[in-house]
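Asker: Chains A, B and C are the protein sequences, given in the same order. Each residue of the first sequence is one higher than the one before, counting from 0 in numbering that gives the first Met the number 0. Each residue of the second sequence is one higher than the one before, counting from 0 in numbering that gives the first Met the number 0. Each residue of the third sequence is one higher than the one before, counting from 0 in numbering that gives the first Met the number 0.
These are computed hints drawn from the structure, not numbers from a lab. Misleading hints may appear alongside valid ones.
Claimed, not checked - Computed list of lysine to aspartate or glutamate pairs in EDC-like fashion (alpha-carbon distance at most 16 Å, straight line): (1) C:366 <-> A:62; (2) C:323 <-> B:141; (3) C:290 <-> A:48; (4) C:282 <-> C:402; (5) C:247 <-> C:216; (6) C:366 <-> A:19; (7) C:359 <-> A:43; (8) B:19 <-> B:141; (9) C:359 <-> A:48; (10) C:290 <-> A:62; (11) A:89 <-> C:321; (12) B:220 <-> B:187; (13) A:28 <-> C:402; (14) B:144 <-> C:383; (15) B:21 <-> A:41; (16) C:400 <-> C:322; (17) A:89 <-> C:276; (18) B:57 <-> A:62.
Unchecked claim - Over 12 Å on every C-beta distance to chain A, these chain B residues come out as not near it, computed from the model: (19) 12; (20) 106; (21) 227; (22) 272; (23) 294; (24) 368; (25) 378.
Claimed, not checked - For each label pair, taking beta carbons as the anchor points, the in silico distance ranges come out as: (26) A:55 <-> C:25: 42 to 52 Å; (27) A:38 <-> C:261: 17 to 27 Å; (28) A:47 <-> C:238: 57 to 67 Å; (29) B:76 <-> C:433: 56 to 66 Å; (30) A:46 <-> B:76: 54 to 64 Å; (31) B:77 <-> C:233: 23 to 33 Å; (32) A:3 <-> B:144: 46 to 56 Å; (33) A:66 <-> B:356: 29 to 39 Å; (34) C:74 <-> B:106: 20 to 30 Å; (35) C:238 <-> A:38: 37 to 47 Å; (36) C:261 <-> B:77: 45 to 55 Å; (37) C:221 <-> B:115: 25 to 35 Å; (38) B:206 <-> C:88: 34 to 44 Å.
On a predicted model such as this, the values are computed, not experimentally measured, just so you know. Glycine included, every Cβ here is placed at the ideal spot set by N, Cα and C.
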Amino acid sequence: MITSKDLEHIGWLARLELSEEEKEEYAPKLNPVLDYFSELDEVDTEGVEPTYHVLALSNVFREDEVNTKCPLDQDEALSNAPNSQDGFFKAPRMM
Amino acid sequence: MYYNPDGVMIGLEVHVQLNKLKTKVFCGCATDYHNDPPNSHVCPVCLGLPGALPVINKKAVEAAIKIGLALNCKVEEHTQFYRKNYYYPDLPKGFQITQYDFPISSGGYVMIEGEDGEHRVGITRAHMEEDPGRLVHEGTIDRSKYTLIDYNRSGMALIEIVSEPDMRSPKEARRYLDKLRNIIEYLDVFDGNLEGALRVDANISIMGGQRAEIKNISSHKGAERALLYEIVRQKNVLRRGGVVVQETRHFDEAREITLSMRTKEEAHDYRYFPEPDLVPLKISGWAPAIKETLPELPDARKMRFVEQYGITDDHAKALTSELKLAIFYEDVARKADPKTAAVWICDVLKGELNYRDLTIDAFKKEHMLSLIGLLVSKKITEDGAVDIIRTLLDMGGSPDEIVAEKGLLKVEGDIVSTAVEEAIKENPQAVADYEAGKVKALNSLVGAVMKKTKGRADARTAREILLDRLKGYNFYPPPERE
Amino acid sequence: MWASINELKESIHADSSEEIVAQYLDRISKSKLNAFIYTVGESALSRAKEIDTNDIDGPLAGIPVAIKDNISTYGIQTTCASNILKSYIPPYDAHVIERLKEAGAIIIGKTNMDEFAMGSSTETSFYGATKNPWNMDRVPGGSSGGSAAAVAGGEALLALGSDTGGSVRCPASFCGVVGLKPTYGVISRYGLIAYANSLEQIGPFATSVRDVAALFDVVAGYDPRDSTSVDKEVNYSSALMNDVRGLKIGVPEEYFEEGTDEKVEKAVRDAIHTLEDLGANWKKVAMPHTKYALSAYYIIAMSEASSNLARFDGMRYGLRTEDKDWHTTFSQVRAAGFGDEVKRRILLGTYALSAGYHDKYYLKALKVRTLIKQDFERVFKDVDVLITPTMPYPAFKLGEKIDDPLSLYLADVDTVPINLAGVPSISVPCGFSDGLPIGMQIIGKHFDEAAILRTAHTFEENTNFHCKRPEGY
Ligand SMILES: [Mg+2]
Ligand SMILES: [Zn+2]
């Protein structure tokens with residue numbers, strides 16, 4: 000069971016500010032989903048390896064060569080920035 | 000045995016930037032951004048634009064294996080990248096691609112000169128990860144009104160070398176860092192002189208407290224300072240009956256203090272999981288071939304220098320502490336007297352370079368060879384040789400030219416005796432002081448002789464003649480030889 | 000409007016691409032489907048003109064294509080139907096967009112979708128729900144609902160979507176068009192804004208299997224910028240034989256269990272008999288872990304999503320709220336920028352990966368994924384393709400499920416196992432229920448798109464479900 004207190008913690012972990020209403024509203028919607036997920040407990044996975052990738056690929060590399068096609072110039076890099084200054088992205092104060 | 004009164008335990012996490020690669024670790028952006036404007040060496044991948052995907056730089060993996068082997072680590076059979084989920088403005092994706100379970104190498108060690116002789120520092124692991132961007136604050140991080148972000152550094156290949164908490168003093172920590180840098184420079188994957196090339200996070204605890212993690216240390220000296228500060232701080236907390244809590248602290252380089260960074264985010268939960276956009280590596284098979292290509296490492300080279308060239312342990316250590324210096328020495332020692340070469344390179348040239356903030360690149364091997372030739376054949380004095388080195392560094396030219404221009408060929412016999420007579424005559428006060436027992440007055444007389452001969456006299460000879468000459472004065476008790 | 004690529008190409012020769020693009024744009028502007036978030040207009044017309052005047056050739060020369068709004072298009076806004084990316088204009092093209100441009104295709108606009116592809120109804124879009132051309136009170140399916148509705152409604156002949164757990168096949172089924180989810184790794188994901196990286200593939204939509212194969216031929220293929228891209232060049236159009244003699248079909252009964260609409264079940268079983276009449280054989284097969292696929296899928300998808308969406312912090316692109324301290328601003332940008340369903344999935348995914356729950360949810364789901372994949376490997380030793388319903392029921396009503404996440408998730412029960420196993424699957428129209436289309440899902444082995452395309456094509460050549468168009472279109 001997720002409580003609205005848990006939601007506050009998870010919300011912080013996810014950097015997602017939740018209003019009081021949202022906290023109240025989400026718990027009853029998420030708990031049935033988590034209950035449903037609990038059906039996995041009944042599957043015997045003893046000795047079963049997890050599948051992270053469906054294809055058995057390994058050792059995929061690129062050579063150490065400069066890609067002259069993809070770089071963005073400074074203007075392109077900053078073109079979507081809500082706030083920038085002197086070629087830097089501008090973020091709020093840290094503390 | 001070293002007595003560690005405060006129970007200091009220091010473990011370091013050192014981030015080494017593979018800045019000799021041509022490109023970043025997961026994209027094709029060039030790594031030569033150091034003198035360029037911010038955000039001018041970026042692409043969708045290292046800027047974390049939605050939809051962009053990482054692809055591993057093969058050379059970076061080879062370099063990581065090299066470093067692992069040089070640190071006596073085991074290269075793992077199966078290696079994988081993970082996402083470490085946390086938030087900081089320098090991190091464009093909201094996670095860092097790093098390693099967690101299955102790092103590329105682990106279980107090694109480095110030998111350092113510890114408080115009580117040879118000391119072994121365990122290497123927990125050396126893993127690969129991507130560098131975040133660079134943050135610029137106006138003033139200090141805790142007071143700055145905003146944060147500026149430059150992602151040129153974002154995505155540079157890093158090797159994070161995690162040590163065991165085996166260091167017992169800030170001095171040992173510094174020696175460990177020197178040694179690490181030294182070893183990695185030998186591997187030709189990293190230039191330690193570039194900004195941000197080597198960065199340190201330090202974990203430190205003292206008896207009776209929990210450990211603090213200090214971030215943002217960018218130099219070896221900074222590490223030592225930060226740790227010294229932190230020991231004092233932690234001791235003070237305990238002395239006042241307080242508790243040293245586990246926390247992250249930020250090193251303020253300018254003020255040489257550490258600042259608490261405690262916020263709500265302190266409850267770290269990185270939610271590691273394998274990076275789905277990258278596939279596993281099975282590269283332990285590469286290790287034997289890469290091992291073959293490893294160069295002779297500093298410790299081995301030091302021992303060989305002692306044996307092969309008959310130089311002292313200290314000289315060998317100093318000469319191998321920097322790869323370029325070791326190569327320079329060896330090239331000279333093959334063609335000239337190895338011992339003289341060691342003395343002049345270690346005891347003189349190195350100091351003059353340091354004084355000028357220059358590296359060995361600023362001095363030509365041929366010049367060192369001709370200098371040693373002039374010294375061995377006694378054509379110039381030691382003072383003259385020092386003068387030549389300084390002139391070469393400051394003005395350029397060649398030793399022969401400088402000898403000719405400055406008239407540095409050594410003078411002997413009558414000329415020195417004449418100069419002594421003149422010096423005695425012209426410096427009655429010094430003579431009187433000497434007579435009165437002020438032994439140091441002799442130095443100013445020697446200086447006067449050297450000045451008269453423009454440094455071409457051998458200082459020791461001048462001194463002996465002076466002593467001899469001054470004996471004639473009625474002088475009792477005889478001065479002790481300095 | 001035009002019924003096929005060939006027909007459209009004839010019109011281009013007779014008339015001009017510019018004229019055709021103009022007609023499509025006109026149709027879109029008058030539409031009530033809300034299939035597009037954004038149309039390209041001017042630049043599409045000028046590109047068409049360029050193709051006309053320079054006689055530029057290519058397999059899709061002059062043909063307009065609609066693109067799901069989670070595929071990056073250089074200079075064209077790409078919002079993922081989210082407020083948080085409202086003003087975002089990518090400075091680069093996705094791999095599939097590069098391929099389309101090389102083939103002469105014209106990007107006509109960006110189609111509506113569930114926000115960040117999280118949904119099965121295209122109702123969670125910040126830009127309003129898309130409607131089903133067969134019935135304006137019904138959802139078009141999702142998350143690529145805009146692409147499917149655009150093709151069904153004659154607003155684009157071809158479209159691209161993306162399929163993480165059924166997001167191409169579900170709307171194809173609900174809108175009565177053909178939609179393909181290729182084998183994982185066949186189409187580069189470079190430029191696809193990730194929902195769940197280990198599950199998703201871009202997929203083509205069209206009104207016929209032939210046109211789906213033609214579009215697939217253009218966008219499939221190796222891309223060194225995607226580490227999970229595979230190096231296999233195949234011509235899929237050449238696989239389209241009208242022949243299923245000797246084909247071995249497996250019918251997993253788990254896909255017909257309770258909750259499956261009777262008419263849907265009947266339509267699919269009839270379709271299997273049609274194929275049998277054409278010379279295929281079928282038998283029942285057992286896939287015992289199917290019932291756990293939904294949970295495993297959602298846990299994995301949400302976990303990956305919670306991390307993928309962490310980059311939306313308002314610093315480099317996207318919405319920015321008033322500056323406070325950095326962490327607070329970050330949280331508030333996201334509170335303002337994401338819709339409810341996205342927030343719920345981020346929260347659940349964060350929870351499933353968090354300390355203390357990682358093994359119970361995330362790791363367990365990955366182990367179950369292994370068992371599901373093994374189910375497929377086992378049955379594919381005996382059969383060439385599997386046939387199931389695409390969706391357990393036809394398009395539901397707008398608003399019917401949107402406030403009950405679990406019931407919405409349950410709609411994906413027949414499509415998600417395919418993504419967990421990474422196998423290819425296609426949805427083709429196979430009947431109607433009260434005027435709403437029914438889709439049949441044909442599933443193949445890894446990299447055996449040829450088998451499912453051939454099966455689908457043969458079915459289509461011998462039936463006429465795909466020829467029926469919604470009223471007024
Ligand atoms: Mg690290
Ligand atoms: Zn880059």
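Asker: Do the alpha carbons of residue 323 of chain C and residue 141 of chain B lie within 16 Å of each other, as the hint requires?
Answerer: Holds - the C-alpha atoms of residue 141 of chain B and residue 323 of chain C are around 14 Å apart, at most 16 Å.
Asker: Per the stated criterion, does the least C-beta distance between residue 368 of chain B and chain A lie above 12 Å, as a non-interface residue requires?
Answerer: holds (37 Å)
Asker: Take the C-alpha atoms of residue 89 of chain A and residue 321 of chain C, compute the straight-line distance between them, and say whether it is at most 16 Å.
Answerer: holds (13 Å)
Asker: Are the Cα positions of residue 28 of chain A and residue 402 of chain C separated by 16 Å at most?
Answerer: Holds, at about 9 Å.
Asker: Can the suggested window of 56 to 66 Å be confirmed for the beta-carbon pair residue 76 of chain B and residue 433 of chain C?
Answerer: holds (59 Å)
Asker: Within 57 to 67 Å: is that where the Cβ-Cβ distance between residue 47 of chain A and residue 238 of chain C falls?
Answerer: Given range 57 to 67 Å: violated, Cβ gap about 35 Å.
Asker: Check the hint pairing residue 220 of chain B with residue 187 of chain B against an upper bound of 16 Å on the C-alpha distance.
Answerer: Outside the cut-off at roughly 23 Å; violated.
Asker: Quick one, are residue 282 of chain C and residue 402 of chain C close enough, alpha carbons at most 16 Å?
Answerer: violated (39 Å)
Asker: Looking only at beta-carbon atoms, does the pair residue 3 of chain A, residue 144 of chain B fall within the given range of 46 to 56 Å?
Answerer: Between residue 3 of chain A and residue 144 of chain B, where Cβ atoms are some 34 Å apart, the hint is violated.
Asker: Hint check: residue 359 of chain C vs residue 48 of chain A, CA-CA at most 16 Å. Holds or violated?
Answerer: holds (15 Å)
Asker: Are the Cα atoms of residue 400 of chain C and residue 322 of chain C separated by 16 Å or less?
Answerer: violated (37 Å)
Asker: Per the hint of 45 to 55 Å, is the separation of the Cβ atoms of residue 261 of chain C and residue 77 of chain B within bounds?
Answerer: About 50 Å separates the Cβ atoms of residue 261 of chain C and residue 77 of chain B, which means 45 to 55 Å holds.
Hint check: violations occur at hints 1, 3, 4, 5, 6, 8, 10, 12, 14, 15, 16, 17, 22, 28, 30, 32, 34, 37, 38; the rest are consistent with the structure.
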